[in-house]
Amino acid sequence: MNRRTLDPLLLIVAAIALWQVLFVVAGPDAIASPLATLQRLITLGQDPRFWMNAGATLAAFGYACVLSIAIGLPLGVAVGAHKLARDVSEPILSAFYSIPKITLYPVILLIFGLGLSAKVAFGVIHGVFPIALFAIGAIRNLSPSLLRTARVLHLSPRQTATSVLAPAALPEILTGLRIGVSAALLGTIIGELFASSQGLGFMLIRAMENHQVADIMAVTLFLFLIAGIANAGLLAIERRLQWK
Amino acid sequence: MRISRASLFRIALVLLFVAALEALCRTGIIGCLTMIPPSEMVLALIAIVLHADWFWTDFAYTVRNLVAAAIASILLGYALGLLIHAMPRMRRALEPVLLSYYSVPTFVFYPLLVVVFGIGPLSLIALGTIFAVVAMLMSTLTAIDRIPRGMFKVARITRLTPLQTLVHVKLPAAAPHLFTGVKLAVIYSVIGVIAGEFIISTAGIGRRIAFAYNDFDNRTMYGMLLLVISLVVVLNAALQGLENRLHRRWVRRT
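First to last, the sequence lines map onto chains A and B. Just so we're aligned, residue 1 is where the first sequence starts under the working numbering, counting upward by one. Just so we're aligned, residue 245 is where the second sequence starts under the working numbering, counting upward by one.
Here chain B stands alone, though its shape is the one from the complex (with noise of 0.2 Å):
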């Protein structure tokens, strides 16, 4: 595989970036209680994930909860979406709604549902997919419009049933635009779901490094920060690279 100038330059900035961060760290410029150098903070990790006999317990709770989240929030999305589209008059009242949903923090209304679901997975799921529900209902309905008003008239003249039109036409022709909506839902779910975490749980990433920062444990602090960022970082990544593929492939067939 050949590595691209970009990837090279970026690489080195974010090394340069880190031992100069790490040099900060060594010479007491930060202290220590703010920050602990981060070749520390990858011992540090690597020692939570062979030793600490918490660590797989509440990683498997966070992993699981945010799959949950994320497939609840993409299935719910592209429901809504669907059913929106097909109502314009509702959509034009609904948009101002939509486009302001992301400048509220929807973390407020974490307090009621632990309130209805009680403090644990159902919660911080609902947290999860109501943070992430509306990127995807917003990506379902921007990839319907981008669908060629062809590929309709070509579905009513071999007469598809509205749902044959969904399955045949609708899906695989807004498939790398809905694409971006599944990205944005997935990193909105794990967003929501360590949030939630963070602010009430029982369990999870989000409440380890919550509870470390209350005990003045750094290392553990640390290390589970690193263990999340790398976690979204490649994530993030993966998905961002399926995506411009989707969509090269798209410009192409088209």
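With the rest of the complex left out, here is chain A (with noise of 0.2 Å):
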């Protein structure tokens, strides 16, 4: 087994047996230990209303990304192509990209009350902003040189934005999807910690009242592999792009 393969493997058996000795020392009260955990996840994965409560974040979550993706790469895109928009807009941006979101829960709850729309509405209001402003990083960091050979090579405006500048802000642009889309799951689950009936957020949330250990931890043991696998998919297909 050469050492690509072998390195991860020592890492997850280093990283269970961390967590091993941290329920030997922190007791049963505070964590499960793994094989409980994995147990948990094996029972709740028998248990239809676990996968009702996956498919109702899922939902929630597709419905957040569309609509980050479709609100913050032409938003990120159009006001990255102007300099003035660009300065203007930018600091706003990174601004409410800072604001501590979870504390708009309940200007979002007023707004859009319980149930789907608010959870989606608080998956955007985590992915947007990453999105458009690695839009606009990526149009912002084009060499002014590809302009100038696009022109020289007499392109269409159409065939510029499609030959020219779409394959070399890709890279970039690809970077903000993946970690919009990652937000956006981390914004859909907050969503659901306060505005929801179902979801694997409140699922959380239920269990926390409860303090029931093992569900906490086998729930986020399934949104880490979850989120883990679709970030290694996504970056490396980034990787792939950024090779060419």
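Incorrect hints may have been included.
[Claimed, not checked] A partial selection of chain A residues facing chain B, derived with a Cβ cut-off under 8 Å:
1) Asp-7
2) Ala-30
3) Val-88
4) Ser-94
5) Ser-98
6) Ile-99
7) Thr-103
8) Leu-110
9) Ile-111
10) Ser-182
11) Leu-223
12) Ala-227
13) Gly-228
14) Asn-231
15) Ala-232
[To be verified] Sample of chain B residues facing chain A (criterion: CB under 10 Å; computed from the structure):
16) Leu-252
17) Ile-453
18) Asn-462
19) Val-472
Keep in mind that the hints were calculated from the coordinates and are not lab data. Keep in mind the model is a prediction, meaning the values are calculated, not measured. Glycine included, C-beta positions come from ideal geometry on N, C-alpha and C.
Hints in hand, dock the two standalone chains.
Take a look at the structure:
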């Protein structure tokens, strides 16, 4: 077995060992052992209600992603292409990005009421800003010589956009999409913690209230695995595009 | 001081937005149960600062916790960053985990922290730290990556000890990129601490917002929200300004 496959495995083993040590030190009231968590996750996996909740989260997350990209990407590209617009709006967008959005939850609830739309709105306010900011950065960092070359070659604006600007800006835009999609998932889950009667976030808050440590750990592990796999996939796509 | 055209436009845009919000609230298109007019938010905040007996205790509680979390995450992130940078194999294996760190809601660990540290400042500081530390760690990795190789050669030629290399070469040469990490760590500490207060806490600004919401006390809620947002906006702008200056100086020097 070579190092590329061995090292991550070693890391996983080390993480599980550390988890077990933490469990021994902190006791079963604080965290569940790796084995107990896995057993709980397997039991949950056989419960149709778990998959119903996961489906509810997935649906809200899907809407949040689509909306974040549909709003953030055109906004970022349009603003990024114009210097004054960029200088005006970038600090505003970055300020929005850094607000602890969890405190806005009462406002979101008052506007959207309990339910799906509040969850989606929560996901969107988390996801849209990184996507827009990275798109602005991607357009800004384009080398001016690319545009000059396009002009020398007499490319039409549309040809310039599709065959010069888009490929050049794509890697950074993709980084933004990866971070934005992650943030949208985080936002959706946080939304479910407060504003929902369905979904994995709701399972988490109920487990927190009833102090079911194994449930918290099992759902968290599930989320960590899903987020990790999705991130690794998007990262692989990103790396391949950068290689070209 | 000269104000640039972009700043003028930005101020105008924000004012326009606030004015529009004010108009929508005053005409009742946005109901007063949903949102109070921005001018009322300012008045509510002033009234709280001047008259509410809880304000300064809660404010000091939050500020103290987030300063502690910021310092802890910066120091810990820097130390871990140095350590992981020195072990390339470890780093390659860890990188995917670090990159997906911010897509997992760290806040779900908060109940566990409460069990370990109890409800109080320690669990809030711990939450802020584990939320912010990875941003500092990643920035430290990039910052050391970007130090020109020649600098290490010079350090070796002049026979600096590892500690001297760290203090005289690694720290100053990496400073601008390290500061990006400091900026993120501060902002993330604020988010972590206030979010923690919001979920479970006995005091603090986040707790007050959650309280006010449960009591349908919109004036207090929006007043405190205004405070949090202004605090973060000012902090963000100040850190961003500092970062830009550091980067400019760095570009000039090299």
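We went through each hint and held it up to the structure:
1. Because the beta carbon of A:Asp-7 sits about 4 Å from the nearest beta carbon in chain B, less than 8 Å, this interface hint is met.
2. Among the interface hints, the one on A:Ala-30 holds; its C-beta lies about 4 Å from the nearest C-beta in chain B, closer than the 8 Å criterion.
3. For the restraint placing A:Val-88 at the interface with chain B, the shortest Cβ-Cβ distance is roughly 4 Å, inside the 8 Å limit, so the hint holds.
4. Proximity of A:Ser-94 to chain B holds as hinted, the smallest CB-CB distance being about 7 Å (cut-off 8 Å).
5. The interface hint given for A:Ser-98 holds, since its Cβ lies 5 Å from the closest Cβ of chain B, which is under the 8 Å cut-off.
6. This hint holds: A:Ile-99 has a C-beta 5 Å from the nearest C-beta of chain B, less than the 8 Å allowed.
7. The beta carbon of A:Thr-103 is positioned within 8 Å of a beta carbon in chain B (closest approach about 5 Å), and the interface hint is therefore held.
8. A least Cβ separation of about 5 Å between A:Leu-110 and chain B falls short of the 8 Å threshold, and the interface hint therefore holds.
9. Interface restraint check: A:Ile-111 against chain B, minimum CB-CB distance 6 Å, threshold 8 Å, status holds.
10. Interface hint at A:Ser-182: satisfied, since its Cβ lies 3 Å from the closest Cβ of chain B, which is below the 8 Å cut-off.
11. Interface hint at A:Leu-223: satisfied, since its Cβ lies 6 Å from the closest Cβ of chain B, which is below the 8 Å cut-off.
12. With a cut of 8 Å, the hint placing A:Ala-227 at the interface with chain B holds, because the nearest CB-to-CB distance is about 4 Å.
13. Because the smallest distance between the Cβ of A:Gly-228 and any Cβ of chain B comes to about 5 Å, under 8 Å, the interface hint for this residue holds.
14. Taking 8 Å as the C-beta contact cut-off toward chain B, the hint placing A:Asn-231 at the interface holds, the least distance being around 4 Å.
15. Interface restraint check: A:Ala-232 against chain B, minimum CB-CB distance 5 Å, threshold 8 Å, status holds.
16. For B:Leu-252, the suggested interface contact is upheld, since its CB lies about 9 Å from the closest CB of chain A, less than 10 Å.
17. For B:Ile-453, the suggested interface contact is upheld, since its CB lies about 5 Å from the closest CB of chain A, less than 10 Å.
18. Given the 10 Å rule on beta carbons, the hint for B:Asn-462 holds: about 8 Å separates it from the nearest Cβ of chain A.
19. Here the hint on B:Val-472 is kept, as its CB sits about 5 Å from the closest CB of chain A, short of 10 Å.
Comparing the model with each earlier hint shows no violations; every hint is respected.
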